Each structure stands twice: as structure tokens, then as C-alpha cells.
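**Q** Sequence:
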Amino acid sequence: MRRIVAIFLMMLFCGSMLSAVSLPKPERDPVPPTEAQILLIKEGVRFHDQGDFEKAIANYQEALKINPDVVEALYELSFSQFAKGDYSESLATALKGAEYRSKLIDQLYLQIGNCLDSLGRTKEAIDVYKKAMKGSPSDSLLYFNLALAQQNLAKTKDAEKSFERALVLNPNHPGSHRSLGGLYLKSDRKISAMLAYLRFLVLEPRSSRADQLLPTVEDLLGAGVTQTGENQIVIPIAIGSGKNKLSGIDDMGLSLSIARGAVFIKKEGKETPTGIQAIAQELSTFFAIMGESSGARNKSFVSTYYVPYFVELGKKNMVEPFCYFIFQNKKDADISQWLNSHSQEVQSF
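First residue of the sequence shown? That's 1 in my numbering, and the numbers climb one at a time after it.
Hints were generated in silico from the structure; no laboratory data involved. Computed from a predicted structure; not experimentally measured. Just so you know, not all the hints are guaranteed correct.
No more than 20 Å apart at the CA atoms, straight line, and that leaves these computed lysine to aspartate or glutamate pairs for EDC-like [what the hints assert, rightly or not]:
#1 Lys55 to Asp86
#2 Lys103 to Glu72
#3 Lys134 to Glu99
#4 Lys25 to Glu72
#5 Lys103 to Asp29
#6 Lys186 to Asp158
#7 Lys130 to Asp158
#8 Lys331 to Asp219
#9 Lys331 to Glu204
#10 Lys65 to Asp29
#11 Lys84 to Glu72
#12 Lys55 to Asp29
#13 Lys155 to Glu124
#14 Lys123 to Asp158
Full structure from sequences and hints, please.
**A** As C-alpha cells, this is what we get:
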């Protein structure tokens with residue numbers, strides 16, 4: 001009999017976890033944390049930042065033993081449970097926290113959505129993100145996480161629009177630029193991808209993610225151009241049709257190739273630039289071409305969002321410090337030396 005009851009309870013538990021999540025109405029009043037709880041929460045955050053999620057969780061649970069109605073402790077507990085990989089527990093904790101009226105309600109909805117997505121319940125996650133947007137329409141992270149969930153369901157166009165919306169709300173979120181660049185590249189929009197990746201590198205030039213991205217950026221900047229001899233270069237010409245036909249800024253691939261090829265043409269009395277100097281010359285030329293033709297381009301997100309940024313960069317003669325800055329993680333002595341000796345220009349950029 002006990003065995004039957006245990007099996008029944010287990011089935012009941014599993015069924016409740018698999019059923020669609022119903023967001024609770026925030027109708028309960030939270031209790032402000034006491035001094036003792038504040039100390040426990042602060043210590044928990046310190047443990048979390050150190051990567052010791054077990055100790056962080058123990059601290060938050062200790063704080064909740066004093067009073068279970070402290071939303072700050074519930075939120076931090078869910079956050080650490082998620083980081084530890086306990087998505088079901090994190091979801092249950094976040095749902096508990098969402099019962100209270102608090103300033104953390106939208107962050108708790110975000111947490112609930114992230115848990116659902118990590119549990120493979122992506123459609124439910126999308127519903128939660130959209131509900132949270134009604135209360136916080138200017139929260140860029142909601143759009144970013146919505147885009148990731150849409151990407152998981154292969155809803156590429158929807159994901160693209162959500163990443164773009166996230167960037168309108170917060171232009172300085174590196175992950176949105178990087179993820180959007182990846183979507184552009186998958187659809188062979190190389191110019192769009194390059195601009196998104198360059199913007200990412202401005203914001204995050206020293207990270208491991210920057211290291212991973214640099215070879216792709218260099219390949220895109222190469223534009224398929226090869227030098228076969230002195231003043232002899234080969235420039236590829238791609239003619240798209242049907243589904244592969246490019247439009248807007250992405251039909252400027254030939255312009256980028258020409259800008260790249262011009263670097264290799266030896267000019268009388270001048271040395272041919274190499275390394276970052278070559279990239280700076282290429283991009284200066286290309287950004288100028290973009291500026292001259294921007295009026296004739298369509299009004300896509302890339303044309304109205306990325307293009308003006310880089311055109312302005314060229315007009316203000318900031319392309320050289322920009323190039324050295326974004327490639328600083330290459331561990332190149334020449335790059336480090338230039339950055340050190342041109343600190344004023346870098347600061348101005």
C-alpha cells in the first residue's frame with residue numbers, strides 16, 4: 001500500500017511539473033528583510049559570484065527560515081539554483097517569488113522563462129517573456145531571452161526582430177550584437193554580420209568570446225580578395241538570384257572587396273599597409289562608400305542602426321583607433337605598442 005501511495009505521489013509530482021505553467025497573480029505583500037537576513041543574502045551573493053552555488057543556496061535558505069516572505073531571498077535563491085543547473089527547483093522558487101507584489105516581479109518572470117526554456121518548455125517560456133513585456137516593455141533582456149527561445153524553435157525571423165528590438169532598447173549589450181551577427185551570417189548577409197560583429201568587439205574586445213569571433217571577422221574583412229602578384233589582385237564577384245539575391249547593405253559585398261583590393265595596390269612613394277593599418281584603410285574606404293550610398297539603401301534595421309554608427313566613425317577619423325581597439329586581444333606587440341602610444345586617440349574614440 002505504501003509503495004502504491006509513493007508511486008501515486010511521484011506521478012502527481014511529475015504531472016504537475018510537466019503541466020503548463022500558470023503565472024501566479026502578485027497579490028501577496030512581501031516582508032522587508034531583517035538585518036540578519038540582509039547579511040545572509042549579501043554573503044550568499046558573494047558565494048554565488050565566486051561560483052560556490054551550494055553555499056549561496058544554503059545562505060538564502062537560512063534567510064528564508066527566518067521569514068519565508070522575503071522576495072529578495074527567493075529571487076537570489078532561484079538565481080543560484082539556476083546557475084547550479086537545478087532548473088526545476090529554480091522554477092518552483094521563482095514561481096513562489098512571483099506571488100508577491102515587488103519591484104522584482106519582472107526579473108522573476110524572466111527567471112521563470114529562462115527555467116522553462118532550459119527545461120525544454122520553450123513555447124511556455126516565450127509566453128512568459130511576452131507577458132512580462134506588458135509590464136516592462138523597455139526591458140532589453142526580456143527581448144534578448146525571447147530571441148534565444150525563438151532561435152531554439154528555429155523561428156529565425158522572429159528571433160532576428162527580437163534581437164534588433166533588444167538593441168534599440170540597449171545598444172550596449174554585447175550578446176545581442178553577437179547573436180544577431182550570427183543570424184545574419186547564417187542567411188549569408190555577410191556585410192550585416194560584419195557590422196554587428198564589429199559593434200560587439202567595440203563593447204567586448206578582451207573576452208574569450210572576442211577571441212572566438214576574431215577569425216570570423218578577419219575572414220569577413222578579407223572579402224575573398226587574394227593577391228596574386230605585385231599590383232595584381234583577384235576580386236570575387238557573386239551574382240545572387242532568387243532566394244540567394246542580396247538586398248540593402250548586403251549587396252555592397254563588391255564595394256568591400258574593392259576597398260580590400262585597393263589596400264594591395266602599391267602607391268608611388270608609399271609603403272603598402274599591412275596588419276591593422278591595412279584593415280583601417282579598407283574600412284575607412286568602405287565606410288565612406290556606405291555614407292555616400294546610404295540614401296539609396298532600403299530602410300532595414302542594419303541601414304538605419306549600424307550604418308550611421310560606422311559612417312560617423314569614418315567622418316570623425318576614428319577608424320584607426322577603432323581597429324586597434326577591437327583587435328587588442330590578438331596579443332600582438334605592434335597592437336599593444338600602438339594602443340599605449342596613442343592613448344589620447346583611443347580615449348577620444
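**Q** Each hint should be assessed against the structure and marked as holding or not.
**A** Structure-based check of each hint:
1. This hinted pair checks out: lysine 55 and aspartate 86 have alpha carbons roughly 14 Å apart, not beyond 20 Å.
2. Distance check on the hinted pair: lysine 103 and glutamate 72 sit about 10 Å apart at the alpha-carbon level, within 20 Å; holds.
3. Between lysine 134 and glutamate 99 the CA atoms are separated by roughly 17 Å; this keeps the pair inside 20 Å, and the hint holds.
4. This hinted pair checks out: lysine 25 and glutamate 72 have alpha carbons roughly 18 Å apart, not beyond 20 Å.
5. Pair hint lysine 103 plus aspartate 29 holds up; C-alpha atoms about 12 Å apart against a cutoff of 20 Å.
6. Between lysine 186 and aspartate 158 the CA atoms are separated by roughly 15 Å; this keeps the pair inside 20 Å, and the hint holds.
7. Among the hinted pairs, lysine 130 with aspartate 158 is consistent with the structure: their alpha-carbon atoms are about 13 Å apart, no more than 20 Å.
8. Proximity of lysine 331 to aspartate 219 is assessed by CA-CA distance (about 18 Å); at most 20 Å being required, the pair is judged to hold.
9. Restraint check for lysine 331 and glutamate 204: the C-alpha separation of about 15 Å stays at or below 20 Å, so the hint holds.
10. The straight-line distance between the Cα atoms of lysine 65 and aspartate 29 is roughly 18 Å, inside the 20 Å bound, and the hint therefore holds.
11. Proximity of lysine 84 to glutamate 72 is assessed by CA-CA distance (about 18 Å); at most 20 Å being required, the pair is judged to hold.
12. Restraint check for lysine 55 and aspartate 29: the C-alpha separation of about 28 Å exceeds 20 Å, so the hint is violated.
13. Straight-line distance between C-alpha atoms of lysine 155 and glutamate 124 comes to about 15 Å, which keeps the hinted pair within the 20 Å bound.
14. A threshold of 20 Å between alpha carbons decides the hint, and for lysine 123 with aspartate 158 the separation of about 13 Å falls inside it, so the pair holds.
Figure legend: structure checked against the earlier numbered hints; the only hint not met is number 12.
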